[in-house]
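Enquirer: With chain U fixed as given, assemble chain P onto it according to the hints.
Here is what each chain is made of, one letter per residue.
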Amino acid sequence: MEFKQLHIDTHCDCVKGADENLYEVFARRVRYNPIFDKDFKSKWEKKQPYTNNSCKSICSHKGISVNLFDDSTKEDIINKYIKTFTFSPGHKAYCCTFKFRQNAGKLKRTESQDKSHFDFFKCDSFTLDNLEILEYIDLNDHV
Amino acid sequence: MTMFEIKQKSIKNDWPFMDLPFITANYTDILYDEEPILFSGTNKDGNRILGSLVDEADTLGFFRFFHVFISEKTYIDFLNGMISYLEILKNEESKIFVVDRNYDTTIRDIFLIGFNEIPSGYVPLENSFCPEFEKNYSLDFVVSLKGKLADLKRALTKEISNIQTAFSKILISSIIPLKSLYPTPSIYQKAYSEGSFRLNFSIDFDDNRLLPVNKEYASQYVSKYLEYCMSYLHDEVNVIFKGEGIKAKNFEILKENLKTIYDSSSASLPENIEEIVKEELVVSADNFEKITENMGTNFTGMEFLNKSVDNENPIGFLDDKCKSYFTEIMKVIEESKVYDKDNEPKDYSICIYNLNTKTRKGNAHIIYNVGSDKEMSQPKIDITGNEPLDNSKFTESLHLNKWIDIKAKATRKGSKFIRLIIME
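Those sequence lines, one after another, are chains U and P.
When the letters of the first sequence are read in order and numbered with our numbering, they come out as residues 2 to 144.
When the letters of the second sequence are read in order and numbered with our numbering, they come out as residues 2 to 425.
None of these hints come from the bench; they were simulated from the model.
Idealized CB from N, CA, C, for every residue including glycine.
Hints are not guaranteed to be accurate.
[To be verified] Derived DEER-like restraints, expressed as beta-carbon distance ranges:
{"id": "1", "chain 1": "P", "residue 1": "276", "chain 2": "U", "residue 2": "134", "range": "16 to 26 Å"}
{"id": "2", "chain 1": "U", "residue 1": "23", "chain 2": "P", "residue 2": "96", "range": "47 to 57 Å"}
{"id": "3", "chain 1": "P", "residue 1": "276", "chain 2": "U", "residue 2": "137", "range": "48 to 58 Å"}
{"id": "4", "chain 1": "U", "residue 1": "115", "chain 2": "P", "residue 2": "310", "range": "34 to 44 Å"}
{"id": "5", "chain 1": "U", "residue 1": "39", "chain 2": "P", "residue 2": "181", "range": "39 to 49 Å"}
{"id": "6", "chain 1": "U", "residue 1": "23", "chain 2": "P", "residue 2": "28", "range": "56 to 66 Å"}
{"id": "7", "chain 1": "U", "residue 1": "139", "chain 2": "P", "residue 2": "127", "range": "17 to 27 Å"}
{"id": "8", "chain 1": "P", "residue 1": "35", "chain 2": "U", "residue 2": "134", "range": "16 to 26 Å"}
[Said to hold, decoys possible] The calculated BS3-like cross-link candidates involving lysine-lysine, where the alpha carbons are at most 30 Å apart (straight line), are:
{"id": "9", "chain 1": "P", "residue 1": "8", "chain 2": "U", "residue 2": "39"}
{"id": "10", "chain 1": "P", "residue 1": "216", "chain 2": "U", "residue 2": "57"}
{"id": "11", "chain 1": "P", "residue 1": "414", "chain 2": "P", "residue 2": "322"}
Next comes chain U alone, as it looks inside the complex:
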């Protein structure tokens, strides 16, 4: 997998310590059902400015937030998404669960209180076909 596009404007090695994960289920709050490219755009791709110039911040900007969705985290993740939906019901109304296929990109666990949180770095050839969609959970049904 190549990450030339990801590193085009930085000396930071964002995929150092990141790995492929083809076996576990992940979740992301999304706007569309079925998902669109826009649901998997990073802040960097949207051209949102960096908040600071540290590699941690730059790489976080280039990553896409996903949550490891297993029996130990499932409930907390759904609750967090529902809480978010409570305040912003018009924004992202679905929890999409999926697995990564080969050559999608790499994942790195983030240093945050949310232990299920990972940054996903798309490789240059990433398309939505690199995701095996498992389920769309409509948050409306859980409030």
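Expert: Below, chain P alone, put in the same frame as chain U:
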């Protein structure tokens, strides 16, 4: 996907709206998921703003937010789960600023709308209560007076002196339960600061103690303790002091916080910790009652803040309506103790040294305690009746340090007078 349409004209370039709804200080993310979902802060004039993400126009490249102005009191009620975001937006007085911010952070548009103009799919839900969120705590506290003289950045020295003394005692009482860990803490007062009239306090634990000072937990505890006194004690006082009701949930949380501090210092929580905290709550409630006595005349509200490096977190707001709050708490506490009370009014001689003529509350010296010819009590006084107190014998006593004879029902703890209900 396109954004919902707003019929009003953009006020982006209209003075004074152009920079009114922007947060310039004390920014706090309350809920964050890739983007700020719920957040607060203050604008250039120091007014509190609560904001939320509404939607994202991913084709046009901008985010839409609601920014709503709220009072500090409402904000604290929101933080304490007493009011939902939906209720705040629904409030008739709420003016909702819609702020459209481009991905590059420039402002695209600003609109001012009413609640009824929000499309149904974008209205926050009924249970939009404030979630738990991470705060940075410190041992620095601010008491900010609001309204009247305070807005002119002035205050009466006597009132300031009362507040300084009472709040220092409250801070001391908050850390008494930590005495076995940190036996010699000090309370400092820092230089006054403006806006409106602010008093700055700081707690300093003795860092040279053998046990590690876990300032983070201790800071959190003191803030939680003050928050408890101002927001929850009133509802739980009957359970704690009289054993009436089911459970004092927030009092239990407070004790859990103390346990965390002791655990983190590898020390055992004192067995009588509940009694210690209860005793200190009495001291604190008593001093909060003193603080609120002066409210209404020269200032109308008091905001209590915890000050961290880059933020000021509100922990309580007391206004005119809160005056009875601590009086009611003290009444329950006094009822729960074995106090000696007069059944009928009796003759007493007093000299009043503090009196709020509007609330008819104050403090007085009373001649020697029962059975003693040396000690003198300083009970609280409540003057019954409706006749104005200006130019009365009570104000004469206050201003001329004159002893006056009154009829009152007294409450005594042992030989000391605690309270006098004066019959006018």
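Enquirer: Are the hints correct? Go through all of them and say.
Expert: The hints, checked one at a time:
1. P:276 - U:134: 16 to 26 Å: violated, 59 Å
2. U:23 - P:96: 47 to 57 Å: holds, 52 Å
3. P:276 - U:137: 48 to 58 Å: holds, 55 Å
4. U:115 - P:310: 34 to 44 Å: Check failed, 24 Å falls outside 34 to 44 Å.
5. U:39 - P:181: 39 to 49 Å: violated, 58 Å
6. U:23 - P:28: 56 to 66 Å: Because 40 Å falls outside the window, the suggested range is violated.
7. U:139 - P:127: 17 to 27 Å: holds, 18 Å
8. P:35 - U:134: 16 to 26 Å: holds, 20 Å
9. P:8 - U:39: Holds: residue 8 of chain P and residue 39 of chain U sit about 28 Å apart, inside 30 Å.
10. P:216 - U:57: The hint holds at about 28 Å.
11. P:414 - P:322: holds, 29 Å
Of the numbered hints listed earlier, those contradicted by the structure are 1, 4, 5, 6.
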